[in-house]
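Asks: Quick mapping for you: the protein sequence lines, in order, are chains B and H. Here the numbering used here is used: the first residue of the first sequence is 1, the next is one more, and so on. Here the numbering used here is used: the first residue of the second sequence is 1, the next is one more, and so on.
In case anyone wonders, no lab produced these hints; they're calculated from the structure. Small disclaimer: the values here were computed from a predicted structure and weren't measured. Careful, some of the hints might be misleading.
[As the list claims (entries may be wrong)] Restraint ranges, calculated between C-beta atoms of paired labels, are given here:
{"id": "1", "chain 1": "H", "residue 1": "20", "chain 2": "B", "residue 2": "437", "range": "50 to 56 Å"}
{"id": "2", "chain 1": "H", "residue 1": "310", "chain 2": "B", "residue 2": "59", "range": "46 to 52 Å"}
{"id": "3", "chain 1": "H", "residue 1": "28", "chain 2": "B", "residue 2": "367", "range": "33 to 39 Å"}
{"id": "4", "chain 1": "B", "residue 1": "279", "chain 2": "H", "residue 2": "328", "range": "41 to 47 Å"}
{"id": "5", "chain 1": "H", "residue 1": "147", "chain 2": "B", "residue 2": "223", "range": "30 to 36 Å"}
{"id": "6", "chain 1": "H", "residue 1": "69", "chain 2": "B", "residue 2": "38", "range": "31 to 37 Å"}
{"id": "7", "chain 1": "B", "residue 1": "469", "chain 2": "H", "residue 2": "130", "range": "52 to 58 Å"}
{"id": "8", "chain 1": "B", "residue 1": "469", "chain 2": "H", "residue 2": "62", "range": "57 to 63 Å"}
{"id": "9", "chain 1": "B", "residue 1": "131", "chain 2": "H", "residue 2": "11", "range": "57 to 63 Å"}
{"id": "10", "chain 1": "B", "residue 1": "417", "chain 2": "H", "residue 2": "59", "range": "44 to 50 Å"}
[As the list claims (entries may be wrong)] Computed footprint of chain H on chain B, listed as stretches where at least three residues anywhere in the stretch have a Cβ under 8 Å from a Cβ of chain H:
{"id": "11", "stretch": "247 to 259"}
{"id": "12", "stretch": "314 to 324"}
{"id": "13", "stretch": "381 to 395"}
Even for Gly, the Cβ is constructed at its ideal location relative to N, Cα and C.
There are 2 protein chains.
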Amino acid sequence: MSADLVASSNDRGDFGTVSAILKQRFGERFSTAQAVREQHGHTTSWLKNQPPEGVVFVETTEEVSDVVRICAEHNIPIIPFGTGTSLEGHVNAPEGGVSVDLSRMNRVLAVNSEDLDCIIEPGVTRKQLNDHLRATGLFFPIDPGADASLGGMASTRASGTNAVRYGTMRDNVINLTAVLPDGSILKTGNRARKSAAGYDLARLLIGSEGTLGIITELTLKLHGIPQAISGGVCPFPTVEDACNAVIQTIQYGIPVARIELLDALQVKACNAYSNLSLSEQPTLFVEFHGSDASVAEQAEMFGEIADECNGGEFVWTAQAEERTKLWQARHDAYWASLGLRPGCEGISTDVCVPISRLAECVLETAKDIEEMKFVAPMVGHVGDGNFHVLVLVDMDDADEVARAGSFISKLNKRAIAMDGTCTGEHGIGQGKMPYLEAEIGHGVDVIRLIKTAIDPQNIMNPGKIALPRQ
Amino acid sequence: MSADLVASSNDRGDFGTVSAILKQRFGERFSTAQAVREQHGHTTSWLKNQPPEGVVFVETTEEVSDVVRICAEHNIPIIPFGTGTSLEGHVNAPEGGVSVDLSRMNRVLAVNSEDLDCIIEPGVTRKQLNDHLRATGLFFPIDPGADASLGGMASTRASGTNAVRYGTMRDNVINLTAVLPDGSILKTGNRARKSAAGYDLARLLIGSEGTLGIITELTLKLHGIPQAISGGVCPFPTVEDACNAVIQTIQYGIPVARIELLDALQVKACNAYSNLSLSEQPTLFVEFHGSDASVAEQAEMFGEIADECNGGEFVWTAQAEERTKLWQARHDAYWASLGLRPGCEGISTDVCVPISRLAECVLETAKDIEEMKFVAPMVGHVGDGNFHVLVLVDMDDADEVARAGSFISKLNKRAIAMDGTCTGEHGIGQGKMPYLEAEIGHGVDVIRLIKTAIDPQNIMNPGKIALPRQ
């Protein structure tokens with residue numbers, strides 16, 4: 001496939017000109033202050049901060065369109081920004097340009113309870129949406145660890161603990177509105193639950209990490225809050241036993257809503273950070289959704305499987321308050337882990353493999369961690385075959401940083417060799433670019449073709465996912 | 001967005017040259033016989049047969065790649081063909097060219113029971129796959145009326161009666177392999193259940209109706225055959241009552257596996273064609289999947305809703321044999337309907353609206369049918385808001401054909417105005433091209449940009465979904 005790609009990065013325009021235009025158009029809502037710029041290049045990771053040259057705080061789709069038109073005219077990069085909680089350098093500005101901060105576009109525009117959907121602006125966060133929905137009996141299930149913006153979650157095809165039951169952002173967006181690289185506004189479709197009308201443009205934008213356009217509105221599927229929710233924690237003597245319990249649960253078809261593995265080190269970190277008193281051994285956090293009868297049945301079936309896999313005593317959390325505390329601890333695992341080695345940075349991996357390979361992948365990885373003497377707790381959405389290792393690295397120790405790089409590279413290649421992916425939910429961004437071709441081969445060329453067709457100037461979040469071929 | 005589109009249709013090469021090359025390469029497996037050509041332009045619809053100039057019966061991905069390279073070199077159109085059961089002229093060859101018949105690529109390459117997935121060639125049909133899976137305890141749920149090929153189902157983003165519970169082809173393909181318009185081979189990803197690795201190329205191909213490439217392999221999600229399946233039929237005094245029962249079932253969150261509406265005329269047709277003795281009034285066909293307890297609970301809840309909506313006696317089909325007969329009758333509804341007016345053609349509509357608008361959309365449409373004096377039974381996957389009217393038209397009566405066109409146009413526009421789609425599952429093909437822009441606006445331009453980037457010669461199934469801008 002011949003890709004006539006223009007390396008237009010070399011012909012960037014004058015930022016000063018764009019800055020003056022944006023200042024005039026947006027006044028106080030456009031900033032070039034150093035602190036604001038650095039905050040918008042923050043990467044929640046070991047990737048170095050590459051701040052944009054300016055930040056504009058937009059409030060409407062039309063304003064986003066205006067900013068994009070101005071930048072397009074001057075060939076200046078545009079980097080969409082939600083909450084800045086992405087993990088692979090998505091908000092970095094390696095070629096400079098304007099960060100478009102969408103956090104003020106945070107209105108819930110409509111809740112159509114009867115259709116189980118809602119229409120929101122992209123700056124609405126997942127917690128904000130669920131707070132808003134509280135009185136309706138509905139909820140939005142996708143929950144990455146951070147309280148991320150839903151626009152950002154769509155852009156990175158995020159998932160979280162509920163994906164095993166409710167799917168990922170891919171499955172829960174009905175349509176979206178996006179400003180394309182020429183400033184034009186695309187709405188991908190209407191509110192029908194399914195459609196066979198032309199290319200699936202919503203799915204193309206979801207996971208494109210801001211490289212094809214800026215999402216400015218989303219219609220999301222909602223789900224009824226289950227009549228009954230129950231779950232709890234179950235310790236296992238080994239990680240392998242815990243993995244086997246997960247594999248059997250999935251293969252048995254138990255419609256578990258959440259099934260998360262924490263290794264012993266992660267449990268220790270969570271005990272300390274979240275004031276829990278769990279037994280410090282490999283542990284599954286499990287949750288069941290359904291009617292009273294169905295939840296009881298699921299729990300019983302899971303209990304039998306856990307028993308067979310040498311599981312210890314299953315501790316129930318029937319109270320909503322207790323349950324919230326437990327899952328908050330799970331969501332805070334990242335912060336808890338950082339406490340294991342103060343002063344170090346955490347580098348999160350994100351591999352996902354077919355569930356039949358899960359135990360093997362986890363065990364080989366655990367062996368590497370031991371051999372390489374890393375402090376690296378493990379936690380994961382194991383029902384999907386997805387797990388994270390958080391490698392705690394002293395960034396001032398060049399040798400350690402290099403060894404961490406080797407470890408991560410080996411893990412990503414292992415997952416790909418096991419018919420899996422280097423990223424289940426964090427995205428490619430800058431950090432995983434070296435692995436994409438190994439994983440999807442010729443797909444990288446197709447991505448470049450599409451990118452060049454839709455963004456010939458390469459102004460939309462350049463330097464992410466794949467570089468144009470020079 | 002400026003689309004530099006080349007109307008390369010005008011520069012087609014010499015078919016004779018390509019024909020000679022294919023004859024030499026494929027021998028008996030390449031045919032230019034009139035009967036074979038016409039069979040491959042058959043459209044199962046009122047659209048006129050536009051046969052390809054030749055048909056090649058391929059057996060491997062590499063052969064598909066060879067055919068595509070040969071056609072690309074000579075700028076000759078390529079039309080993928082599975083079972084020819086699509087409804088919108090997808091297999092027609094308006095610009096001539098070569099039909100690539102994939103029916104001999106019908107091997108199940110792997111069943112990974114432990115991962116709940118399988119790898120198949122595109123010519124495998126849905127029934128063939130489920131027969132193959134019989135001993136595994138797994139099944140593939142997507143069931144359009146016809147026993148279509150899975151490659152074709154992916155290409156049109158098909159769904160069917162189970163979509164309300166199991167999703168559509170969009171949701172059940174893990175990865176795919178496709179031959180692109182330059183003959184290169186794309187594999188979109190590995191077997192991980194979820195991935196955030198770059199653009200969602202699988203979803204881009206799914207629903208692209210062969211205009212971006214030819215699908216030659218699919219990895220599909222499988223599901224465990226439920227422990228218990230039960231269901232039956234429930235008559236209602238009016239279509240509105242039946243719709244209201246559906247709406248409440250969905251809003252209540254009952255995880256119904258199938259919920260299908262047949263209007264009185266459709267029931268009459270099915271009684272005659274499938275030797276049933278149902279009461280000839282609007283009727284819901286319903287099925288529940290789960291454990292014994294959960295199925296009983298779902299049925300009880302549905303029973304209460306049906307009662308509230310003036311439903312008649314719910315007739316259970318507990319026996320597998322009885323159930324199969326009932327659902328076969330549902331799948332044969334199209335053929336049954338044709339019997340209502342022998343000698344006429346059936347034109348199927350495919351609108352899908354948010355469920356809150358379903359009753360209104362169905363009722364306004366029923367009113368049109370009555371006023372326009374059409375014989376036009378109605379059947380639908382109403383749990384998704386999707387329903388079909390089969391307008392029986394005497395194709396020799398020009399006035400009737402024109403009136404049918406007006407009716408369909410009005411219905412499609414009504415669905416779009418109700419925030420829905422003109423096609424829930426059949427696709428755009430040739431037949432629905434006039435409605436796509438009304439539905440997705442600027443999206444048509446984006447489709448053209450992508451199409452031109454990936455298929456600059458416009459050789460892949462030209463004349464479907466959207467025409468290049470001249």
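Asks: Each hint should be assessed against the structure and marked as holding or not.
Replies: Checked hints:
no.	hint	result
1	H:20 x B:437: 50 to 56 Å	violated (39 Å)
2	H:310 x B:59: 46 to 52 Å	holds (49 Å)
3	H:28 x B:367: 33 to 39 Å	violated (56 Å)
4	B:279 x H:328: 41 to 47 Å	violated (55 Å)
5	H:147 x B:223: 30 to 36 Å	holds (33 Å)
6	H:69 x B:38: 31 to 37 Å	violated (51 Å)
7	B:469 x H:130: 52 to 58 Å	violated (44 Å)
8	B:469 x H:62: 57 to 63 Å	violated (26 Å)
9	B:131 x H:11: 57 to 63 Å	holds (59 Å)
10	B:417 x H:59: 44 to 50 Å	violated (29 Å)
11	247 to 259	holds (count 5)
12	314 to 324	violated (count 0)
13	381 to 395	holds (count 3)
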